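There are 2 protein chains.
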Amino acid sequence: MSNILIVHAHHEPKSFSSALAQTAKEVLTRQGHEVVFSDLYAMKFDPVSDRRNFRSVANPDYLKQQVEETYATNHNGFAADLETEMRKIEACDLLIFSFPLWWFSMPAILKGWVDRVFAYDRFYGAGRWYDTGHFQGKRAMVLMTTGSDEEKYSGRGPHASLEVLLAPIHHGIFRFNGFSPLSPFVAWSAAHGTDSDRGLVIEAWKQRLKNLLTETALPNPAAEL
Amino acid sequence: MSNILIVHAHHEPKSFSSALAQTAKEVLTRQGHEVVFSDLYAMKFDPVSDRRNFRSVANPDYLKQQVEETYATNHNGFAADLETEMRKIEACDLLIFSFPLWWFSMPAILKGWVDRVFAYDRFYGAGRWYDTGHFQGKRAMVLMTTGSDEEKYSGRGPHASLEVLLAPIHHGIFRFNGFSPLSPFVAWSAAHGTDSDRGLVIEAWKQRLKNLLTETALPNPAAEL
Numbered sequence: 001m002s003n004i005l006i007v008h009a010h011h012e013p014k015s016f017s018s019a020l021a022q023t024a025k026e027v028l029t030r031q032g033h034e035v036v037f038s039d040l041y042a043m044k045f046d047p048v049s050d051r052r053n054f055r056s057v058a059n060p061d062y063l064k065q066q067v068e069e070t071y072a073t074n075h076n077g078f079a080a081d082l083e084t085e086m087r088k089i090e091a092c093d094l095l096i097f098s099f100p101l102w103w104f105s106m107p108a109i110l111k112g113w114v115d116r117v118f119a120y121d122r123f124y125g126a127g128r129w130y131d132t133g134h135f136q137g138k139r140a141m142v143l144m145t146t147g148s149d150e151e152k153y154s155g156r157g158p159h160a161s162l163e164v165l166l167a168p169i170h171h172g173i174f175r176f177n178g179f180s181p182l183s184p185f186v187a188w189s190a191a192h193g194t195d196s197d198r199g200l201v202i203e204a205w206k207q208r209l210k211n212l213l214t215e216t217a218l219p220n221p222a223a224e225l
Numbered sequence: 226m227s228n229i230l231i232v233h234a235h236h237e238p239k240s241f242s243s244a245l246a247q248t249a250k251e252v253l254t255r256q257g258h259e260v261v262f263s264d265l266y267a268m269k270f271d272p273v274s275d276r277r278n279f280r281s282v283a284n285p286d287y288l289k290q291q292v293e294e295t296y297a298t299n300h301n302g303f304a305a306d307l308e309t310e311m312r313k314i315e316a317c318d319l320l321i322f323s324f325p326l327w328w329f330s331m332p333a334i335l336k337g338w339v340d341r342v343f344a345y346d347r348f349y350g351a352g353r354w355y356d357t358g359h360f361q362g363k364r365a366m367v368l369m370t371t372g373s374d375e376e377k378y379s380g381r382g383p384h385a386s387l388e389v390l391l392a393p394i395h396h397g398i399f400r401f402n403g404f405s406p407l408s409p410f411v412a413w414s415a416a417h418g419t420d421s422d423r424g425l426v427i428e429a430w431k432q433r434l435k436n437l438l439t440e441t442a443l444p445n446p447a448a449e450l
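Residue numbers (the numbering used here), protein chains in the order written: chain A, 1 to 225; chain B, 226 to 450.
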């Protein structure tokens, strides 16, 4: 049995993005895993990073994020909403970011979760990054819906390729913090298909979920990023 | 005389990031340009995108962003804070995003400005994107500070390259909407230098600012992204 944290960022509970996240929760729970679900819109999670991140104050005259994060790490000074999310990441074996691709990256509410929760000193710094990252041994993956079809993210235009678009997440967030990224699960152009199309995507996702904890992680990028 | 919109996202007014943005405002104003400054932290800009974006409602039972954006475009239905920002973009000849690189992309408060302000129908859709984008003829650029030095973003490790990291912004936001991206101005590892180092960066930025409205924009990416 593993602990799985799903961080979901869609404002419509009836959306296909939300259906994919709920499917993950149900299937993984039935498999006997402990599933923790951070539904950021339902939680009214605040994505703005500043002094609201802290109960402690290292320097009241100049807000330097990493100085305050170091101080908060050593003085139990993180705001309650962040401390709760931090403990969820610490407990998880697999982290899933579930979101619709907005402007070729994460919705702000999820970017702010990353900005605020992955704090210096507690989770990185002093040589801990990438191969020596804090979360080595854990897995992470992207579960997302897109507006355009797959061909448009192939690198042959018009959009930047999926690999490039996910690099800030796969390499910059997951690998930086020590997580091994799994292959993303992408529902291409979800809104433009039929109910039957979407049913097939749900089935493919259920199949994928069977082996999520044991499948081989993505290789480190061979080529230069 | 041109109209320049600076959208700035740093929580510390005394930071070097804020100094670079203020320098741009002062120098461009002295050159006779009209400079509009959206200081997102000072404005307490709300980056969460949902029904708060709208005064109008197209479908009360299911929130589909692009449906509501289309309806709001045609019924003067955008929330006042968004309408104000939309008019600023409509008026500008040059758009500058000023921010510290957080987790290899924009701070959430700026990502949310993009999520909420660049609305479907008003600014894209019906064939308007990239070479037929709404804002064709306008320029846009990134002004940013980083935590690591330049070599670490060169593509030779450990981070993804600057080109890859900026692709979602340059290609996915600027070019998608018709803007021609200018070369970014990057203050590398600003926090780790001396006051003298930072003074040299400010001088280099002042020099660059002299020709911002006339310099050649970045070429479209020759290689596949």
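Hint data in this document are derived by calculation from the structure and do not stem from the laboratory.
Being a predicted model, the structure only gives us computed values, none of them experimental.
Be a bit skeptical, because a hint or two may be false.
Residues from chain B that face chain A, not an exhaustive set, calculated with beta carbons under 8 Å [claimed, not checked]: (1) T371; (2) E375; (3) A442.
Far from chain A, by Cβ distances over 12 Å, these chain B residues were calculated [unchecked claim]: (4) H258; (5) H300; (6) L391; (7) V426.
With a straight-line cut-off of 27 Å between C-alpha atoms, the simulated BS3-like cross-links for lysine-lysine are [claimed, not checked]: (8) K64/A / K88/A; (9) K313/B / K250/B; (10) K25/A / K269/B; (11) K44/A / K25/A; (12) K25/A / K88/A; (13) K239/B / K269/B; (14) K64/A / K25/A; (15) K289/B / K64/A; (16) K44/A / K289/B; (17) K25/A / K14/A; (18) K313/B / K14/A; (19) K289/B / K435/B; (20) K239/B / K88/A; (21) K210/A / K44/A; (22) K152/A / K289/B; (23) K14/A / K206/A; (24) K44/A / K269/B; (25) K88/A / K14/A; (26) K152/A / K64/A; (27) K435/B / K210/A; (28) K64/A / K210/A; (29) K313/B / K435/B; (30) K210/A / K88/A; (31) K313/B / K269/B; (32) K239/B / K313/B; (33) K250/B / K239/B; (34) K289/B / K269/B; (35) K64/A / K435/B; (36) K435/B / K269/B; (37) K206/A / K289/B; (38) K64/A / K377/B; (39) K14/A / K64/A.
Positions of the beta carbon are idealized from the N, C-alpha and C atoms, including for glycine.
The hints, checked one at a time:
1. T371: violated, 12 Å
2. E375: Result: violated, 15 Å to nearest chain A Cβ.
3. A442: violated, 18 Å
4. H258: holds, 27 Å
5. H300: holds, 20 Å
6. L391: violated, 10 Å
7. V426: holds, 18 Å
8. K64/A / K88/A: holds, 25 Å
9. K313/B / K250/B: The hint holds at about 15 Å.
10. K25/A / K269/B: Given that 27 Å is the threshold and the Cα spacing comes to 35 Å, the pair is violated.
11. K44/A / K25/A: holds, 20 Å
12. K25/A / K88/A: Answer holds: K25/A to K88/A is near 15 Å, not above 27 Å.
13. K239/B / K269/B: OK: K239/B and K269/B at ~17 Å, within 27 Å.
14. K64/A / K25/A: violated, 37 Å
15. K289/B / K64/A: violated, 38 Å
16. K44/A / K289/B: The given pair, whose Cα atoms are some 19 Å apart, holds under the 27 Å limit.
17. K25/A / K14/A: holds, 15 Å
18. K313/B / K14/A: violated, 34 Å
19. K289/B / K435/B: violated, 44 Å
20. K239/B / K88/A: violated, 34 Å
21. K210/A / K44/A: violated, 31 Å
22. K152/A / K289/B: holds, 22 Å
23. K14/A / K206/A: Distance ~18 Å between K14/A and K206/A Cα, so the pair holds.
24. K44/A / K269/B: holds, 17 Å
25. K88/A / K14/A: holds, 25 Å
26. K152/A / K64/A: Measuring from Cα to Cα gives roughly 40 Å; hence the hint is violated.
27. K435/B / K210/A: violated, 59 Å
28. K64/A / K210/A: Distance of about 44 Å is beyond 27 Å: violated.
29. K313/B / K435/B: At roughly 22 Å apart (the allowed maximum being 27 Å), K435/B and K313/B satisfy the hint.
30. K210/A / K88/A: Answer holds: K210/A to K88/A is near 22 Å, not above 27 Å.
31. K313/B / K269/B: Roughly 17 Å separates the two Cα atoms, so the pair holds.
32. K239/B / K313/B: Between K239/B and K313/B the Cα gap is close to 25 Å, so the pair holds against 27 Å.
33. K250/B / K239/B: holds, 15 Å
34. K289/B / K269/B: At roughly 26 Å apart (the allowed maximum being 27 Å), K269/B and K289/B satisfy the hint.
35. K64/A / K435/B: violated, 31 Å
36. K435/B / K269/B: Roughly 31 Å separates the two Cα atoms, so the pair is violated.
37. K206/A / K289/B: holds, 25 Å
38. K64/A / K377/B: holds, 22 Å
39. K14/A / K64/A: violated, 40 Å
Of the numbered hints given earlier, the model fails hints 1, 2, 3, 6, 10, 14, 15, 18, 19, 20, 21, 26, 27, 28, 35, 36, 39; all others are met.
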